[in-house]
Amino acid sequence: MTGPWRGSALFVGVAAVIGAAAAARFAAAEDAAPAMADAPSSETTTSGSSDSSSPSASSSADDTDSSTPSSTSTASSDDSAGSDDTEETVVGSTSSTPYGSVQVSVTFKGTTITKVDVLQAPNDQQSDGATPTLASEVVEAQSAKVDTVSGATYTSEAYLESVQYAIDHR
Amino acid sequence: MTSTSVPSNLGPGPVPTASAVRTASRRRADALTGVLLRGIVAAAAAAAIVFWWTTTPDDATASAGTAVTSVAELAGLVLGVLVCAQVLLVARVPWFERAVGLDRLVTWHRTLGATVLLLLATHVVLMVGGQSLTTSENPWSALWSLNRAVPDLLWALVGGVLFLAVAATSARVVRRHLPYEAWYATHLGTYLAIYLTFWHQVRGGAHLFASPTARTLWYAMYLATAACVLVWRVGLPLVRQARGVARVERVVVEADGVTSVWLGGRAVERLRAQAGQFVLVRFLVRGHLGTAHPYSLSTVPDGARVRLTVGALGDHSGRVGALAPGTRVVVEGPYGRFTADRARHHGVLLVAGGAGIGPVRAVAEELWRRGHDVVVLHRARSERVLALAGELRDVPGLRYVPLVGRRAELGHDPLAAGSVKALVPDVARRDVFLCGPASLCRDVERTVRSLGVPRSAVHYDELSFEEQR
Amino acid sequence: MRFLLTAMALPFSVDVPDAGTAAAAPGGEQVREAVARAFAVIRVAERRFSRHLPDSELSRLDRAELRLHDASPELLEVLTVAETFAQASGGAFGVERPDGHLDLDGVVKGWAAQRAADALAAAGVERFCLNAGGDVVVQGGRAPGVPWQVGVRSPWSTAETLVVLPVHDGAVATSGSYERGAHVRDARTGAPATALVSATVVADDLVTADVAVTTVVALGEDGVAWAQDELGCGVLALRADGTVVRSGLGLAHPA
Numbered sequence: 000m001t002g003p004w005r006g007s008a009l010f011v012g013v014a015a016v017i018g019a020a021a022a023a024r025f026a027a028a029e030d031a032a033p034a035m036a037d038a039p040s041s042e043t044t045t046s047g048s049s050d051s052s053s054p055s056a057s058s059s060a061d062d063t064d065s066s067t068p069s070s071t072s073t074a075s076s077d078d079s080a081g082s083d084d085t086e087e088t089v090v091g092s093t094s095s096t097p098y099g100s101v102q103v104s105v106t107f108k109g110t111t112i113t114k115v116d117v118l119q120a121p122n123d124q125q126s127d128g129a130t131p132t133l134a135s136e137v138v139e140a141q142s143a144k145v146d147t148v149s150g151a152t153y154t155s156e157a158y159l160e161s162v163q164y165a166i167d168h169r
Numbered sequence: 000m001t002s003t004s005v006p007s008n009l010g011p012g013p014v015p016t017a018s019a020v021r022t023a024s025r026r027r028a029d030a031l032t033g034v035l036l037r038g039i040v041a042a043a044a045a046a047a048i049v050f051w052w053t054t055t056p057d058d059a060t061a062s063a064g065t066a067v068t069s070v071a072e073l074a075g076l077v078l079g080v081l082v083c084a085q086v087l088l089v090a091r092v093p094w095f096e097r098a099v100g101l102d103r104l105v106t107w108h109r110t111l112g113a114t115v116l117l118l119l120a121t122h123v124v125l126m127v128g129g130q131s132l133t134t135s136e137n138p139w140s141a142l143w144s145l146n147r148a149v150p151d152l153l154w155a156l157v158g159g160v161l162f163l164a165v166a167a168t169s170a171r172v173v174r175r176h177l178p179y180e181a182w183y184a185t186h187l188g189t190y191l192a193i194y195l196t197f198w199h200q201v202r203g204g205a206h207l208f209a210s211p212t213a214r215t216l217w218y219a220m221y222l223a224t225a226a227c228v229l230v231w232r233v234g235l236p237l238v239r240q241a242r243g244v245a246r247v248e249r250v251v252v253e254a255d256g257v258t259s260v261w262l263g264g265r266a267v268e269r270l271r272a273q274a275g276q277f278v279l280v281r282f283l284v285r286g287h288l289g290t291a292h293p294y295s296l297s298t299v300p301d302g303a304r305v306r307l308t309v310g311a312l313g314d315h316s317g318r319v320g321a322l323a324p325g326t327r328v329v330v331e332g333p334y335g336r337f338t339a340d341r342a343r344h345h346g347v348l349l350v351a352g353g354a355g356i357g358p359v360r361a362v363a364e365e366l367w368r369r370g371h372d373v374v375v376l377h378r379a380r381s382e383r384v385l386a387l388a389g390e391l392r393d394v395p396g397l398r399y400v401p402l403v404g405r406r407a408e409l410g411h412d413p414l415a416a417g418s419v420k421a422l423v424p425d426v427a428r429r430d431v432f433l434c435g436p437a438s439l440c441r442d443v444e445r446t447v448r449s450l451g452v453p454r455s456a457v458h459y460d461e462l463s464f465e466e467q468r
Numbered sequence: 000m001r002f003l004l005t006a007m008a009l010p011f012s013v014d015v016p017d018a019g020t021a022a023a024a025p026g027g028e029q030v031r032e033a034v035a036r037a038f039a040v041i042r043v044a045e046r047r048f049s050r051h052l053p054d055s056e057l058s059r060l061d062r063a064e065l066r067l068h069d070a071s072p073e074l075l076e077v078l079t080v081a082e083t084f085a086q087a088s089g090g091a092f093g094v095e096r097p098d099g100h101l102d103l104d105g106v107v108k109g110w111a112a113q114r115a116a117d118a119l120a121a122a123g124v125e126r127f128c129l130n131a132g133g134d135v136v137v138q139g140g141r142a143p144g145v146p147w148q149v150g151v152r153s154p155w156s157t158a159e160t161l162v163v164l165p166v167h168d169g170a171v172a173t174s175g176s177y178e179r180g181a182h183v184r185d186a187r188t189g190a191p192a193t194a195l196v197s198a199t200v201v202a203d204d205l206v207t208a209d210v211a212v213t214t215v216v217a218l219g220e221d222g223v224a225w226a227q228d229e230l231g232c233g234v235l236a237l238r239a240d241g242t243v244v245r246s247g248l249g250l251a252h253p254a
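Protein chains in written order, with numbering that gives the first Met the number 0: chain L, 0 to 169; chain G, 0 to 468; chain W, 0 to 254.
FYI, nobody ran anything at the bench for these hints, they're computed from the structure. All the given hints hold, so there is nothing to weed out.
Reference listing, derived: stretches of chain L covered by chain W, where coverage requires no fewer than 3 residues with Cβ under 8 angstroms from a Cβ of chain W:
| id | stretch |
| --- | --- |
| 1 | 145-152 |
| 2 | 157-166 |
Below are the DMTMM-like pairs computed for lysine to aspartate or glutamate, each with C-alpha atoms no more than 25 angstroms apart in a straight line:
| id | chain 1 | residue 1 | chain 2 | residue 2 |
| --- | --- | --- | --- | --- |
| 3 | L | K144 | W | E125 |
| 4 | L | K144 | W | D168 |
| 5 | L | K144 | W | D17 |
| 6 | L | K144 | W | D14 |
| 7 | L | K144 | W | E159 |
Glycine residues also receive a C-beta, built at the ideal position from the N, C-alpha and C atoms.
Produce the complete structure using the sequences and hints provided.
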């Protein structure tokens, strides 16, 4: 006859399979990439003070969230040394920035930021849909001389070959 | 015991009936289908795991939070596959019905249901936990963050709650106290729950989001399942209904609490049922309209009419006696594998308890006609309950043994091992058919197994009679 | 006059037209001083926000050696900007790495460049074009009434310009997978964003443009409408098959 615990037993089996698969996959992942390097992309440094600075990338050039949406307001540190767990919220004074007024309220537990709330933010609603002033007429072919080039951040070599380099060094 | 004269189909001598006789090879094919069906489900789940493996980035192990989330996603993928399987099991796909049998399919559905529920809980807990760990939030806050980031998550949560309600009402302890209609209505919520949770999978599921191929397959899987339900669970019955219903011909009170209902009509003629099978019956009259009940056939179907014998087990069955002749009935089926085909030995023993005498009587007759050596043990608490007994007495070659009386009065259990062995010394060499209340069947199975009957020789309809309300 | 600085491993170039040569233009000395101030801003930002410098403010905050109490207004500002855009982009933009460390690179370059541009403007330079490793901030036009011609680099060739956008008082940021691979991930799902091989955003300021363009690449084609609706930016995006999606821009002339 049907045992009443067959469903639970089947679940335990399924869970075991899932657990085993996950463990195996993570073990393989650890072997593949022990410590994710900072700049795997080839970049010989030009005279700069730091090795690499990732381009306008969301959150990182290499290791990224696998799937968790990042709550950007937490500056979590793995070894938040014995911090007292009192929660404190600090409300900053309104400061004028070049792009508007900013007022921030930051909540942290010990030394870890748990929340940043924006009370006043610049450019909250650009709902007037205004785009920066652009010349709307088609530029004559003769005067379509490029003054500067916008591109994804160059690697050093690419920069050397780029139009921007030529412009910068004329 | 007043037994009104019931036209008996018991004719002289063993005669092969018109029922189809399955050959041993067909039996093997059926067994294979059962294995195949479960194998396909397992394979689909395995495919989900493989897919997860190949689409998980190596940096998933970067932190505890991302790892936990990754496992949560794996659980979610497997869950999605199993939910489809769960629906398919009871979509009334004829191939499955014929090979595996509705009774077994329902059992598997119950088992898988518990698994699915637990897996759902796991998925949700791990997902929230992973988010919590990654951003050091408390669970509520984590849930809110997830809601911000995952499309359609709010609907999925509603769907999850619906799943929970369906599972809760299906738990044995709860279901016993619930009217059938309430349980059924809640259970229909499963479809809605699946719809609500589907979208956060394809639009917000990290792995599905990244792979259009996988997304397409996911859509295909769900659409195919939906199609099966629409065709075989909804469409075909509607078509059959349109083509003709059956009618109640006669209602006969057999004994205390046991009523027989004779059905006739075109739908019955088309049934082609075997002795021992059951049908789903919906009486088209107020008070019975909402439910399709499983009732066993208590005669060997002769093509013109069938007889259902119903015990007063539930709110509906008790009122069956009040049905008027001419009442229209929707009959679906036949289902079940409690049939004479399963007997492999020459000798057979059938044990009936209470209303289980209905199908037992039919199978006993069929087996007798096929030339088996038939012994029927009929357990009843009082003489008045020995319904249909008259049909089985005095049949040459068929031994009918009524076991009447409460255990307390008798001083012993007439179905204990010693008694059974005394009544049927060669029980170990017989096929044993059981039909009756679940507790009786369980006990008798244990008894005959202890007397040497192998598991494969014990047959019962897994839809316990507690279901026949 | 043309000035060049390398910081954050990027070339920063400033072009001030007619400096010291035309009557309405600032004198050469004044311009030199202004540019020096602007470059200082960039260097300070690098010191503050580089995650590669162990004693940068960011690294110290990351290691919990610094309390947000004591953080500089600039750091708070950058965090605020990041959070604002995280919300605006529905989570596609984020500054936290999976290993829990803060990574503000995506915000800082544009923020520093914009601040430098502001410093230039504050110092009296009315017309200039600042290019920070591919991010462009312009003030005024190349000549009175003549907009700056900002070329958009072709994803398929470093030496080719795909299209030229006339820009006056604004910022242009471009992101794509052609330099460093599909480094942009949709932070909601973790999947690399590959629908667009390149996107360019024109906005009022560089911070908005920078973060917007990253989000556009992360969101794929949906991002184009998003950027226009949510932020009022003009967007030009290139699909992998080479076709162009654009919205909110003036007419651009292929070079």
